[in-house]
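Q: Listed below, chain by chain, are the residues.
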Amino acid sequence: MLAVSDLRIHYRTLSGSVKALDGVSFSVADGEIMGLAGESGCGKSTLGKALIRLEERMQYVGGEVSLDGAAVPIADNRAMVPYRFRKISIVPQYAMSALNPTRRIGRMIDELLDSRGIKGLTLRPELERRLAILGLTPDVLGMYPIELSGGMKQRVVMVLSTLLDPSLLIADEVTSALDVASQKKVAGALVEFRDRGFVKSMIVVTHDLAILAQIADSILIMYAGKLAEKAPTRTIIEAPAHPYTRLLLGSLPEVGIRFEERRLPGIKGRPPSLLAPPQGCRFRDRCPLAFDKCAVEPPFVEIAPGHQVACWKADAHAEG
Amino acid sequence: MLKVENVSKLYRSGAFGGKKTRVIHDVDFEVKPGEVVSLIGESGSGKTTVGRMILRLTSVSEGRITFDGEDISTLKGSALKAYYRRVQGVFQDPFSSFNPIFKVGRVFRTLRREFLADLDDAAFAARLTGALNAVGLEVAALDKYPHQMSGGQLQRLLIARALLLDIRLLIADEIISMLDASTRIDVLNLLGDLKQRGLSIIFVTHDLALGNYISDRIVILQKGAIVEMGATEAVFGDPQHAYTRGLISAVPQLHRRWSDAELKDLGLVTDTAQAGGRLVAYRENHAVRVYS
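Residue numbers (this note's numbering), protein chains in the order written: chain H, 1 to 320; chain F, 1 to 292.
Mixed in with the good hints, there may be bad ones.
Unchecked claim - Selected chain H positions facing chain F (in silico; Cβ < 8 Å):
1. Ala187
2. Ser251
3. Ile257
4. Ile267
5. Leu289
The hints are simulated quantities; they were obtained by calculation from the structure and are not laboratory data.
As the structure is a prediction and not an experimental result, all values here were calculated from the model.
The beta carbon of each residue, even a glycine, is placed where N, CA and C say it ideally should be.
Please model the complete structure; the sequences and the hints are all you need to start from.
A: Okay, here's the thing in structure tokens:
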């Protein structure tokens, strides 16, 4: 299981540090698929990346991460090496750029395993078995990436990323670039791998709440570098307590809703700049329920078992 | 207004270009003034190619495309320019439509030089303000660099650019796929407002929920051929072709969770593709491809 407490990551820029993650605490249980959602720039991808590799401009400011009871040294690039791929793995957004275009896929995988001191041949039967689970024949190993469709490449990268049965898998916007049919296959593949125990827990980062409604056990909503709400999937979809979650859900056109009959409202305004974030609740300026007390930052508290919210009016909501 | 008449596209393939591959089969539909028509299909269904042929970015191999009765493939020089005054496109990735070195206002100046050179400064400024207001942006936005704006804002700027020209048809190719849910709906509502002002729109997408929200008519494409088309309510309410049903069931919905079996079903929607067949009228305003 994964536990993150008070994690703070900033980006160094010429105009100061951008507080992309500003005190984030949550946990993901074994066997849990946690969806992580929010608008662009809310910090969801930063969180996903921070758990596996801090980029050059990302600055660790504070907080702890532990996986299966042991601390993970995320601030130390070298100390993270034994964790990557073996214990924590990632499926990046663009599978096309994760595969070497000049190598046949099988050879690329062998080279990768070789560089980690693993004999590719010993894993070949398992590799083929897992490809078959996702509906891919062993033939793909003899192909170049250009010969596969986007969805197929995404599934190949998934098999590769999870080949060593990592404890945590981060899936970063894996369905965003795909059309609905391939999207569904990749979503199904994520669940399949969790059910078969190839991966213990999973964080699925996406802006697409409808996909999370299909595959996630719980959903964590982020806003402007902070946690807004976390709850089991059903609760988030059917009884959201944070006004931001409600507005986000209300801006999704579902099959059957027509512009002429019902114009969806959207969310007015834009998220605040994270160079100098405002005091108090960061959603205050866009929130239809904002009142005086919102000038003080609301704590992220549990309002029902497994349901946490950072909003002064959350209780009233849950009851009403 | 716009008629796509039995259009096909063939590409040369094989080692020496000796073989020909047909990627668009006999596509035939019409767009009326003030109508939103969605072209829906998976990647490789040919929806983007059809849009590009209408914009003359790709040539037509067989059949013809007419705008107000005029075959667009014959347009040259000033006639072609006049066509682009009426028909414009906006594409998926807004960041690649701007030069990152220059402020975003540059695309409007380029447009003025090409198409609106006869307007004086005051008239141009008035028109520019009008177009920007229509998409919900301030003139001050023109002084920013592309990286200082969100994808949704850039996409709205590109729509404003098209509106400067008094266009009658907008080809919107996956313009919201890369945007957030909250900005997506803003752009969709903007298209809806423009439609109410009389603009025709061809909305190219893979997402049926989005197509359903905005369009009057829907054209479903599979492997370059139309498999079903008709009024939005007809196609959604009573889908006849297996491919349409497959696409509808693949759209994730908030309040209906896929069963385990549905989720893990790896059946490829494209595998059901059959060659040949013909479109027959199923009901009024609803045609389906049958194979017999």
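Q: Hints first: check each against the structure and report whether it holds.
A: Cross-check of the supplied hints:
About 7 Å separates the beta-carbon of H/Ala187 from the nearest beta-carbon of chain F, less than 8 Å, and the hint is met. Hint status for H/Ser251: holds, given a least beta-carbon distance of 4 Å to chain F, under 8 Å. With its C-beta approaching chain F no nearer than about 6 Å, H/Ile257 sits inside the 8 Å limit, and its interface hint holds. At a threshold of 8 Å, the smallest CB-CB gap from H/Ile267 to chain F is about 4 Å, leaving the interface hint in force.
With 8 Å as the threshold, the beta carbon of H/Leu289 stays out of range of chain F, its nearest partner Cβ sitting at about 17 Å, so the hint is violated.
This entry does not satisfy hint 5, going by the numbered hints stated previously; all others are met.
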